[in-house]
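S.K.: Construct all of the structure, not just a fragment, from the sequences and the given hints.
Chains as they are written, first to last, in this note's numbering: chain P, 1 to 461; chain Y, 1 to 313; chain L, 1 to 320.
I should point out that these hints are in silico values taken from the structure, not numbers from a laboratory.
Being a predicted model, the structure only gives us computed values, none of them experimental.
A hint or two may mislead.
Here are the computed lysine-lysine pairs in the BS3-like style, where the Cα-Cα straight-line distance is at most 30 Å [stated by the list, open to error]:
#, chain 1, residue 1, chain 2, residue 2
1, L, Lys316, P, Lys273
2, L, Lys170, P, Lys276
3, P, Lys96, P, Lys85
In silico negatives: residues of chain P with every beta carbon more than 12 Å from chain L [what the hints assert, rightly or not]:
#, residue
4, Glu48
5, Glu98
6, Gln108
7, Thr196
8, Met200
9, Gln248
10, His252
11, Asp267
12, Lys276
13, Gly281
14, Gly339
15, Gly343
16, Asn398
17, Val430
18, Gly431
19, Lys437
Think of the CB as a built atom: it goes at the ideal place given N, C-alpha and C, for glycine as much as any other residue.
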Amino acid sequence: MRSRNTRRGVAFAAALASTGLILAGCASSDSGGGEAVSGTWPGEGKAECEGLSQLADFGDLSGKSISVYTSIVAPEDKPHIDSWKLFTTCTGATPKYEGSKEFEAQLQVRVQAGNPPDIAYVPQPGLLQTLVGSGKVVEAPSQVSDNADKWFGEDWKSYGSVDGTFYAAPLGANVKSFVWYSPKMFADKGWDIPKTWDDMLALSDKIAASGMKPWCAGIESGEATGWPATDWLEDVLLRSAGPDVYDQWVSHEIPFNDPAVATALDDVGGILKNDKYVNGGIGDVSSIATTAFQDGGLPILKGDCAMHRQASFYAANWPEGTDVSENGDVFAFYLPPMGEEFGNPVLGGGEFVAAFSDRPEVQAFQTYLSTDVWANEKAKASPAGGWVSANKGLDIANLASPIDQLSGEILQDPDAVFRFDGSDMMPGEVGAGSFWKEMTNWITGESTQDALDNIESSWPS
Amino acid sequence: MTTVKPDLGAAEADAPGPEPVSTSAHQALSSPWASMAAVVIAVLWTIPTLGLLITSFRPESDITSSGWWNIFTNPSFTMSNYDQVLHGSDTKLTTYFVNSIVITLPAVVIPICIATLAAYAFVWMKFPGRDLLFVAIFALQIVPIQVTLIPLLKLYVHPPLNLMPLAGPDAPGGGFYTLWLSHTIFALPLAIYLLHNFMSQIPGELIESARVDGAGHVQIFTRIMLPLMAPAIAAFGILQFLWVWNDLLVAITFGSPTTFPLTARLAELSGTRGNDWFLLSAGAFVALVVPLIVFLSLQRYFVRGLLAGSVKG
Amino acid sequence: MSTGEKFIQMFIAIAVFFAVIAVILLATQRMRSRTGELAQAAAFVLPAVILIGVGLLYPAVTSMYQSLFDKTGEGFVGLDNYQTIFTDSEQLLVLRNTAAWVILVPIVSTAIGLIYAVLIDRSRFEKFAKALIFLPMAISLVGASIIWKFVYDYRDPTQDQIGVANAVLKGLGLDTYKFLLNDPWNTLFLIIILIWVQVGFAMTILSASIKAIPDDMIEASRLDGATGLQQFRFITVPSIRPSLIVVVTTISITTLKAFDIVRTTTGGNFDTSVLAYQFYTEYFRSYNQGLATAIAVLIFILVMPIVIYNVRQMRKLEAR
Numbered sequence: 001m002r003s004r005n006t007r008r009g010v011a012f013a014a015a016l017a018s019t020g021l022i023l024a025g026c027a028s029s030d031s032g033g034g035e036a037v038s039g040t041w042p043g044e045g046k047a048e049c050e051g052l053s054q055l056a057d058f059g060d061l062s063g064k065s066i067s068v069y070t071s072i073v074a075p076e077d078k079p080h081i082d083s084w085k086l087f088t089t090c091t092g093a094t095p096k097y098e099g100s101k102e103f104e105a106q107l108q109v110r111v112q113a114g115n116p117p118d119i120a121y122v123p124q125p126g127l128l129q130t131l132v133g134s135g136k137v138v139e140a141p142s143q144v145s146d147n148a149d150k151w152f153g154e155d156w157k158s159y160g161s162v163d164g165t166f167y168a169a170p171l172g173a174n175v176k177s178f179v180w181y182s183p184k185m186f187a188d189k190g191w192d193i194p195k196t197w198d199d200m201l202a203l204s205d206k207i208a209a210s211g212m213k214p215w216c217a218g219i220e221s222g223e224a225t226g227w228p229a230t231d232w233l234e235d236v237l238l239r240s241a242g243p244d245v246y247d248q249w250v251s252h253e254i255p256f257n258d259p260a261v262a263t264a265l266d267d268v269g270g271i272l273k274n275d276k277y278v279n280g281g282i283g284d285v286s287s288i289a290t291t292a293f294q295d296g297g298l299p300i301l302k303g304d305c306a307m308h309r310q311a312s313f314y315a316a317n318w319p320e321g322t323d324v325s326e327n328g329d330v331f332a333f334y335l336p337p338m339g340e341e342f343g344n345p346v347l348g349g350g351e352f353v354a355a356f357s358d359r360p361e362v363q364a365f366q367t368y369l370s371t372d373v374w375a376n377e378k379a380k381a382s383p384a385g386g387w388v389s390a391n392k393g394l395d396i397a398n399l400a401s402p403i404d405q406l407s408g409e410i411l412q413d414p415d416a417v418f419r420f421d422g423s424d425m426m427p428g429e430v431g432a433g434s435f436w437k438e439m440t441n442w443i444t445g446e447s448t449q450d451a452l453d454n455i456e457s458s459w460p461s
Numbered sequence: 001m002t003t004v005k006p007d008l009g010a011a012e013a014d015a016p017g018p019e020p021v022s023t024s025a026h027q028a029l030s031s032p033w034a035s036m037a038a039v040v041i042a043v044l045w046t047i048p049t050l051g052l053l054i055t056s057f058r059p060e061s062d063i064t065s066s067g068w069w070n071i072f073t074n075p076s077f078t079m080s081n082y083d084q085v086l087h088g089s090d091t092k093l094t095t096y097f098v099n100s101i102v103i104t105l106p107a108v109v110i111p112i113c114i115a116t117l118a119a120y121a122f123v124w125m126k127f128p129g130r131d132l133l134f135v136a137i138f139a140l141q142i143v144p145i146q147v148t149l150i151p152l153l154k155l156y157v158h159p160p161l162n163l164m165p166l167a168g169p170d171a172p173g174g175g176f177y178t179l180w181l182s183h184t185i186f187a188l189p190l191a192i193y194l195l196h197n198f199m200s201q202i203p204g205e206l207i208e209s210a211r212v213d214g215a216g217h218v219q220i221f222t223r224i225m226l227p228l229m230a231p232a233i234a235a236f237g238i239l240q241f242l243w244v245w246n247d248l249l250v251a252i253t254f255g256s257p258t259t260f261p262l263t264a265r266l267a268e269l270s271g272t273r274g275n276d277w278f279l280l281s282a283g284a285f286v287a288l289v290v291p292l293i294v295f296l297s298l299q300r301y302f303v304r305g306l307l308a309g310s311v312k313g
Numbered sequence: 001m002s003t004g005e006k007f008i009q010m011f012i013a014i015a016v017f018f019a020v021i022a023v024i025l026l027a028t029q030r031m032r033s034r035t036g037e038l039a040q041a042a043a044f045v046l047p048a049v050i051l052i053g054v055g056l057l058y059p060a061v062t063s064m065y066q067s068l069f070d071k072t073g074e075g076f077v078g079l080d081n082y083q084t085i086f087t088d089s090e091q092l093l094v095l096r097n098t099a100a101w102v103i104l105v106p107i108v109s110t111a112i113g114l115i116y117a118v119l120i121d122r123s124r125f126e127k128f129a130k131a132l133i134f135l136p137m138a139i140s141l142v143g144a145s146i147i148w149k150f151v152y153d154y155r156d157p158t159q160d161q162i163g164v165a166n167a168v169l170k171g172l173g174l175d176t177y178k179f180l181l182n183d184p185w186n187t188l189f190l191i192i193i194l195i196w197v198q199v200g201f202a203m204t205i206l207s208a209s210i211k212a213i214p215d216d217m218i219e220a221s222r223l224d225g226a227t228g229l230q231q232f233r234f235i236t237v238p239s240i241r242p243s244l245i246v247v248v249t250t251i252s253i254t255t256l257k258a259f260d261i262v263r264t265t266t267g268g269n270f271d272t273s274v275l276a277y278q279f280y281t282e283y284f285r286s287y288n289q290g291l292a293t294a295i296a297v298l299i300f301i302l303v304m305p306i307v308i309y310n311v312r313q314m315r316k317l318e319a320r
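M.R.: This is the structure in structure tokens:
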């Protein structure tokens, strides 16, 4: 392969080699960028930058760039990138987007190898804790902290804090306490949207008596198999035992297998492990374990199942051409409360903006992302919907889809009691390990007590 | 490579023409049972892939509600999956294709060259510690790539002795060097092991007589070994091409968005939460085209009888 | 960087590489003394040894060291991680599964690959027939996971099936079967996926090897009146024995390292986990690198018998 031409090739290769080094040299000299001239900022006097006067603190950032690493990939990356244009207009700096579905593993590798991005959108408070523990995450600047106080509830700010220090402002959010159903089917059959837990069970019985399995579910998700079932348990615990018990459970002040949790899981079992109720259009109870979560709600479209509990982001899952709206093919109703004493509990999730550098352009970008201006920019930049934030400055009217608007209303509802997805806040061994695993075992036959005991014993000491 | 004329061309000169033998042996082996077994294996192996191929042309709602074989009774085709794969992103798909090719070619050629040299030395040269070294290299095949990521990335980003960092914003060669180097490293143990096996089957007399004729190792390697090793090199080349072409882990760990190959684009086809997984069926076939062409075109190096007649017994 | 620049960089890299190698070889070529012989050996071997030393040996050694530390990587825990592996109640099951994988995949893949390579050798459709078996190897992992979803997918017998295996069962009037759920057979169905992939590897290598069997040997046996089966047993198999060992060894090692199939199909649930998958989840999900590397070391120890067997075979070959 290389034999004949070697002799002749040497001189040629040497010539090429030097060209290569020169080219490489050119490439590197480009990226240095312009000198930062502090004093004025590029947003000075521009009408669109008026709401962003905080960014003036960071001066002229022209030519600077910020690397952003996220778990959000195409096509949802485009709205993010579009929503940053205003930042570039007002500061001169350019954020560079990189999304990967291997984000969680890759971020760890990069951080440990000393090659972290400037900014990471961290989707779990638990992961944020791990990252902070590695000592590489930089504390949020005062501007970001002020914004978080102003635009987010205290609970949301606490999810971005570790041991009392505030690191990461909230970004997007999702609402998990939703039950997907078909408004057309409900109207045809004369069913009403249940307002209480008992109504919902009564409706389930009624549907079951009509010969249809009322519920369908799927918890298969590759290595994360089981997570939809953990959301079920969290949602029900929040309703049956209340937010305080929920918080104690998440922070392990009460054991994982506390009787209150066992009661909640049995309530979940009353639906998910009830052969009369599940698994519409797919099979028996154990088929939940092997049905992909993406496919779990689809039987609704075929009329084989009536209800599917899944987060707001399930909206993206309906096949193209499905009408997702209040009177359409599918929509979602709020998973009803079990009593009145705990108000309207809402389970949800979201991302947080962690920084690994305190360069001015990075801090300016953190500040921008924590404003109400950005939240509205992002909403306007997402014409296809599928995005919402807990930012109180977000104008619901800017949200594109009906389900996003409903989510936005729930997140901003002063009566709603919001709690973050517990499995995302627990230590990795539990939240991304034994919790998923044991819930899967539980679906396929393990008893409530055994499942909870096993998770409890896996909690790191 | 085919035009190389070995100076000690006993192999070629004495080789019997393959034609007469092949027909007779073909008859000996082609009992109806044997043919049927081959067909059964081929069919079993192909049905799952065929299912994916058909799926890739079906509309989304059909894919999740009925089996792919329904296409035969109830045909409905769409190109929209391919359309989304080919045009669904801001970055042109050709950019990813180019990156894949730019990553793959050196990552195949370089390790093969280094491994062939090393394998030659392990078989035909004598030096202290030879067998121990070979066994050590062979055993290192088991090291999972995952444990090497952090140490290697550290070396690339913060190299010792003030060497030029190979990763990061100012990486030389557009940031491809880390990928070429990593793929080369990961390929070497298996490449050396496989090529060692093929090389040790070449009759020692061939090398001995060349040594007697005054040829040095470099000449023996280039004039005798390389032509004789063509089938083995082609076989390993195909495999290495595939592994690099289909690699995602190395690409996203050591690369950057500007060097991402096709696999990085395909991995995100299904969307952030895997909602559009049906698009992966079309993506898989888009990515398959090049490896298949490589496989078919390298087959011509699987020639018979290179060794025939050179040595008896 | 533009497309053109990328290709230029690629050619520069290849050219630089060959230039360096050529210079080294030319520099050592003329030496004929004893030290010259050594220098030549070094020129042939050192590039590989240096790369492997830096890229594999060094990380392997640091991993072994790391396996003696706790989750944070700072507290020394001695052999505690190893103890954890062996006291975990699930671990016996994982070892059982790993054993099933590492026994079945290499043997079955090699057997099918060998038979197929022989059957289609010299046939008119050889290229096409090879390409069919080669396809599973060439298809990316994401593609493969979707392919097998459409094989093993489960629906109630009353529903339309989208998995081909259950469609066949239903067509035969049988109940549909939860292929991924029912222990212990689910492990077998996962193993089939890897076999499906690895046969292509076995076939490619063995086919190259079969082509190297001198024609006159086959001709002679034919003149002696050997049947096809006898030819296979007494000529083909003995002639390619070294390659068979290589293929079995390589597939064994690949199998011990393979976690992707378990990861994408069952996520290690339903008693299907294997050691490599345990390693992966500890490393990237629980971020417990101490325990993860301890599992990696255990996998390394499991490979030792295979290594020793290979060394013995090499000795035999040399003694001949």
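S.K.: The structure should be examined with respect to each hint, and the outcome stated for every one.
M.R.: A quick look at each hint next to the structure:
Distance restraint check for L:Lys316 and P:Lys273: the Cα-Cα separation of roughly 61 Å exceeds the 30 Å cut-off, and the hinted pair is therefore not satisfied. Using a Cα cut-off of 30 Å, the hinted pair L:Lys170 and P:Lys276 holds, with the two alpha carbons roughly 23 Å apart. This hinted pair checks out: P:Lys96 and P:Lys85 have alpha carbons roughly 11 Å apart, not beyond 30 Å. Interface exclusion of P:Glu48 from chain L stands, the closest Cβ pair being 33 Å apart, more than 12 Å.
Consistency note on P:Glu98: stated as away from chain L, and its beta-carbon is indeed over 12 Å from all of that chain's, at 16 Å minimum. With a cut of 12 Å on Cβ distances, P:Gln108 falls inside the contact zone with chain L, its closest approach being about 6 Å. Residue placement check: P:Thr196 keeps its beta carbon more than 12 Å from all beta carbons of chain L (closest about 31 Å). Listed as a non-interface residue, P:Met200 keeps its Cβ farther than 12 Å from every Cβ of chain L; the least gap is roughly 24 Å.
Every beta carbon of chain L lies more than 12 Å from that of P:Gln248, the smallest distance being close to 23 Å; the non-interface claim holds. Every Cβ of chain L is farther than 12 Å from the Cβ of P:His252; the closest lies at roughly 16 Å, confirming the non-interface assignment. Look at P:Asp267: its CB is around 23 Å from the nearest CB on chain L, clear of 12 Å, so calling it non-interface holds up. No Cβ of chain L comes within 12 Å of the Cβ of P:Lys276; the nearest lies about 14 Å off, and the non-interface call holds.
For P:Gly281, the requirement that its beta carbon stay farther than 12 Å from each beta carbon of chain L is not met, with the minimum near 6 Å. With a least CB separation of 34 Å from chain L, P:Gly339 remains clear of the 12 Å interface cut-off, as annotated. Once the 12 Å rule is applied to beta carbons, P:Gly343 is consistent with being away from chain L; the minimum gap is 34 Å. Against the 12 Å criterion, P:Asn398 stays outside the reach of chain L, whose nearest CB is about 35 Å from its own CB.
With 12 Å as the threshold on Cβ separation, the claim that P:Val430 sits away from chain L is violated: the shortest Cβ distance comes to roughly 9 Å. Look at P:Gly431: its CB is around 10 Å from the nearest CB on chain L, not clear of 12 Å, so calling it non-interface is violated. Separation of P:Lys437 from chain L is inadequate, the least Cβ-Cβ distance of about 6 Å not exceeding the 12 Å criterion.
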